[in-house]
Amino acid sequence: MQEKPNLHCRAARLRSCWWIAGCLMLALAAKAGPANMVLIPNGLYHPLFLSANDLKEVPVKSFYLDAFPVTVKDFLEFLRANPRWQRSRVKRIFADESYLNNWAGDLDPGTNAPASSPVTYVSWFAAKAYAEWKGKRLPTVAEWEYAASASATRPDGESDPRFKAEILQWYSTPTPLVLPAVGADTANFFGAHNLHGLVWEWVADFNSALIAGDPGSNGVSERRFFCGAGSQGAREVDDYPAFMRYAFRSSLKADYCVHNLGFRCARDL
Amino acid sequence: MKKTKLSFALATALLMTARLSQASELGTNTPVRSCCAAMETPGSVPAYTDKSLYQVESTWTTDTGKAMKLGSLAGKPQVILMFFSKCTSACPILMNDLKRISAALTPQERTQVGFTMVSFDTDHDTPLALAEYRQTWDLPVRNWTLLSGRQDDVLELAALLGVKYKAAADGQFAHSNAITVLNAKGEIVHQQVGLNEDISETVQTLIKLVKN
Amino acid sequence: MKAKMVKTLGALGLFLAASGVWTTKSEAQSAPAPEIAGVENAVLTDAPNVPPPITRKYATKVIVDLEVQELTKRLADGVDYVFWTFGGSVPGKFIRIREGDEVEFHLHNHQDNKMPHNIDLHAVTGPGGGAASSFTAPGHSSQFSFEALNPGLYVYHCATAPVGMHIGNGMYGLILVEPKEGLPPVDHEYYVMQGEFYTAGKYGDQGLQTFDMDKAVDERPTYVVFNGAVGSLTGDNALTANVGDTVRIYFGNGGPNLASSFHVIGDQFDTLYQDGTMTNQLHDVQTTLVPPGSAVIVDFKVKVPGNYTLVDHSIFRAFNKGAAGTLTVTGPENPIIYSGKQADTIYAGKPLAETPAISSALQPIKPEAPSLNTALSEQYTRGKQIYLQTCFVCHQPNGLGVAGQIPPLAKSNVLMNDKTGAIRGVLQGRSGELTVNGKKYNGIMIPFPKLTDQQVADVMTYVRNSWGNSDSNSVTAGEVKDLRRGVPALVANPFE
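Residue numbers (the numbering used here), protein chains in the order written: chain V, 1 to 269; chain P, 270 to 481; chain L, 482 to 977.
Pulled out of the complex, with its shape left as it was, chain V reads as follows (with noise of 0.2 Å):
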């Protein structure tokens, strides 16, 4: 994608500056990618848990993610385009009692949804819904684990014993009725902001966590209840934030819209 301006610019070398500016402009929206979003680079993702004939490293094709979650300002644009999804005419199947439950109104966010604060009170079918109307997609599991290893200074913050106390900290730090804008912290290594410390987000995948119920068992899911999942053990006991993160996604059901719980969306190259 980059030898493309570097052709135009060695034939175009003995023109007038006009053309190198030109292209240089071009080089720079070409690695910007598109709006807001950042560019996630190929990598590895360590899957928290695992069963014998797994991988332990699943390779995850670089794409493009939101720098930001998904703000109120943004699905308020995405309800006035399908009414459909607004609170009073959403299908129950589609979403549960509390969808947009911090909204004044259908159209109304109101001052305990903040425009420039994250969407929450949302289904997986909506964030679904809303990634889909922009032409994007829900990150899955192993892409957004991959963006959110990075600390603010390396793309591998797993060994930063303060990257994971930092994660920690947020579960201590209770939960504000109203949350605050995106964007207030330091970008990751990758560029994106509040993967950690904000909400929890939806991802495509997030029924993939095989736990039956009792995640207190480090995870050693039930022959019973799932095929195929033979005796799955925890990778690495010690990351806590992953396991909670985990353990979260695996509470969820599809309709459900919680108070902390949001979204981003991810596209491919």
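Keep in mind the hints are simulated off the structure, nothing from the lab. Please note: incorrect hints may appear among the correct ones.
Partial pick of chain P residues on the chain V-facing surface, computed with a CB cut under 8 Å [as the list claims (entries may be wrong)]: (1) Lys-320; (2) Gln-324; (3) Pro-396.
Predicted model only: the values in this text are computed from it and were never measured. Ideal Cβ positions, reconstructed from N, Cα and C, are used throughout, including at glycine.
Dock chains P and L against chain V, hints included.
Chains P and L only, in chain V's frame:
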């Protein structure tokens, strides 16, 4: 010879009637657990109610190559199973559970209940593969639907049914073992989780749905 | 024909048998349930209170509604912590039911909570103790039911991964399954539960503290407390009872890591239901081991008023980490059982280390009898005792001192000619050059301000009438008193 066969048939009929009446008594004693929508008396024309799964827009292909929306299943209670054909562990047992449920119904009831199996394995379980599967496992032609669909639609249906699944590296799938009953409108009224489970509740649910 | 008949009959028989099996199976599925009569909502209480004893004599259906709340509360003075609680406090609500009850359990996860939660009750017989059926996302509820098969006092706790963190944040409580015949009545029932907290900061570091996973894994708690906070059972929050009352403490240990050596300072456990079971009662126990995830019931009758301290007898936890509480008992004294302090006297034992030239036997000083008019001889006798306790160390029992270092008192011109100076020396010490009997001394005499006026007068009377000294006028307490007024010590007092 004929007399023997006749008396045999008579005895069978008598026994079946006796068991039926017993079964209905049991129905009033054991409470049926509805997990989601209340069991409504289905009208003659089922509308897509708020909780009906048939509201989804997805298109599927049967093992005979026919394209259909899930709404085509409306009008009869459906027993839904998500599976994949290459499964060697739980799915055969689940399939057997479906057969047991079917066998527990009277022939009359059987005509009024549908069994639908949807595959996780969008790569391998093409309509042709599913047709082979039907042959291999000797599944009835009538009222048994095998569906193949897009990955995204499978994900959505699993989410609606509350079924968890995960693709493993070797092409197998780890998934929750669940048999779900939808009423004629497509609302979830019962779910049986586990292997080789006691099917009586599921059977009772179906009998009640059919009766009404 | 016969063979065919047999075949038919056989087939029929088989068929009958098969349907018979079917019927039997169906009948077995509806086995008679235990006799449950009525429905009631469980009365739930916060520690240290306990729901009232159960009076009904039959099993009933009990509905329990328990809400999980994640909230910030006080852990110690000036120290806050975000606790994850069953019902808004640590420990969680006390649940009281009866053996045989059917419990319909509703676990509610408040919508503002961050984490999913579930519950494992040790009284439940079934997968996860209920945890497998109660895993709940925030803003949702789960319901399951169980039959209380076993009587006893049981712990319950959250079992969501990571389990240690959920428990470490306060998610534990007690459920009592009363035996059918109930427990013997007592005057007071209290609910106390021990638990540890692992904070990033040190003990007492102010402000909002966060959970420290490393300390938890290493089992190095910052706080070990009763009922979720330092001081939860002290001061105004102390447990109370009157003399003669019977007290029952339902004591549990939520852990997550440490076993507790539960002890009440000043009393014994008259009856102890070991490990919370009804079948093993011990008597007259001083300290009982309560492992994490276990509980004990202790009954004791308080007979003497005072403050009784509940502790974990791993004693640094009690005094340095917060594992101490108080039971205040009021009422009449009982000097037979406990007299209180009967005497407070001076005691001087044999010197612990060897000192030169000490020969005389030492006698304890009898308590001073207060009196304004005392005869010389009485003063002499008393003064001798004081001298042989105190002064002899330097001035020697024979009053001769130590050559070149300590001036003599025997036939001392300074002592006899300067009475005021001598008294002052005892009161405020002495230093600097001093010539006694023509010999120079330059040492320090330490002051003895703790001797009373009378004692100083007595010992002065004694030395001024010993070893050749003679003074028929005794030194009076009044003289000493006058000299003492406003007299600062000239030399640093080693006794202070």
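Each hint tested on the structure:
1. The beta carbon of P/Lys-320 is positioned within 8 Å of a beta carbon in chain V (closest approach about 5 Å), and the interface hint is therefore held.
2. For P/Gln-324, the suggested interface contact is upheld, since its CB lies about 6 Å from the closest CB of chain V, less than 8 Å.
3. Because the closest C-beta pair between P/Pro-396 and chain V is about 23 Å apart, greater than 8 Å, the hint is violated.
Taken one by one, the earlier hints fail for this structure only at number 3.
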